[in-house]
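Enquirer: Here are the chains, one letter per residue:
There are 2 protein chains.
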Amino acid sequence: MHKENDLTKNQQIIFDLIDKSPEPLKAYSILFNVQKKGIKAPLQVYRALDKLVEMGKIHKIESRNAFIACQNSSCQVSKATAFSICEMCEKITEISSSSLSKYLANFKDKDGMKYSKYNLEFFGLCKKCR
Amino acid sequence: MHKENDLTKNQQIIFDLIDKSPEPLKAYSILFNVQKKGIKAPLQVYRALDKLVEMGKIHKIESRNAFIACQNSSCQVSKATAFSICEMCEKITEISSSSLSKYLANFKDKDGMKYSKYNLEFFGLCKKCR
DNA sequence: AAGTTAATGTTATAATATAACACTATGTAA
DNA sequence: TTACATAGTGTTATATTATAACATTAACTT
Ligand SMILES: [Zn+2]
Ligand SMILES: [Zn+2]
Ligand SMILES: [Zn+2]
Ligand SMILES: [Zn+2]
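Quick note, the sequences are listed as chains A and B, same order.
FYI, the numbering for the first sequence is 1 to 130, going by the numbering used here.
FYI, the numbering for the second sequence is 1 to 130, going by the numbering used here.
Everything labelled a hint here was simulated from the structure, so no lab data went into it.
Quantities reported herein were computed from a predicted structural model and do not represent experimental measurements.
All the given hints hold, so there is nothing to weed out.
Heads up, the list lumps identical chains together, so a pair's fine if it works in one copy or across two of them.
Using 20 Å as the maximum straight-line C-alpha spacing, the simulated SDA-like pairs for lysine to any residue come out as follows:
id: 1; residue 1: Lys110; residue 2: Glu90
id: 2; residue 1: Lys108; residue 2: Thr93
id: 3; residue 1: Lys102; residue 2: Ser78
id: 4; residue 1: Lys57; residue 2: Ala69
With the sequences and hints as input, model every part of the structure.
Expert: Okay, structure coming up:
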């Protein structure tokens, strides 16, 4: 029987690394960190990252080309993500606000179109850096 | 006297190209297109792009590494941008909705923090592709 | 067991972006 | 007008991010 959320070996290694990291990780920094576990080539990393993103276990911070573990279980279905990014210290936090997600999921553009998939990145200074 | 919004030669060439384009342009496609005008190296393109983004004349579509002319004059101050992206045909439109921009500018995260700078990318199917 | 699909390993290469340094143009102020 | 400061340019080299192509192996389905 197929378990929907079982990770393969490479996926698990890479997910564990990202999940433990206090900050988003870049693909080649992931590669460097997992070479001792036998993952030698960029493609092995990118393939695992693609799947993990697809599953919603991690998200890509597009403006930083970096990957962060999902901090909020609902993204596994929605692919609707929001982050705050500190422009001083680069601290990145996933925002989990039901009012925000409701507002965005119900937002209609001028053609009346709604979008269930989106990515929002807020920029500013975090608590410490203010 | 310094005119705040005068573009330099390279900036003007590159802005004109992007502004005329019906679709977002990537840096190396820009480079290819302006080589006949004497812009020969990636850095010349990236430097102009950086300035144009800073001025708000163009925006970067982060999930596509592509650049689009601002379709809405207010961004020149705010750096608060929103786009809809068709996942079928890649048509990209800048969203100009005062209710959306008000909502996002007033959004407070769980620390009570507000953000005047953000980038939002909606994904779905455009009118034609539905 | 045979067929199918998903994941892996590997080499090579494409696409995106920046570092460093010398030089030029433009604006400001003695 | 000369000196100074600042912003933009040209150029070469290189760093960083991501994918193509192909052979192989593992896992699931019938
Ligand atoms: Zn999430
Ligand atoms: Zn900070
Ligand atoms: Zn704009
Ligand atoms: Zn479309």
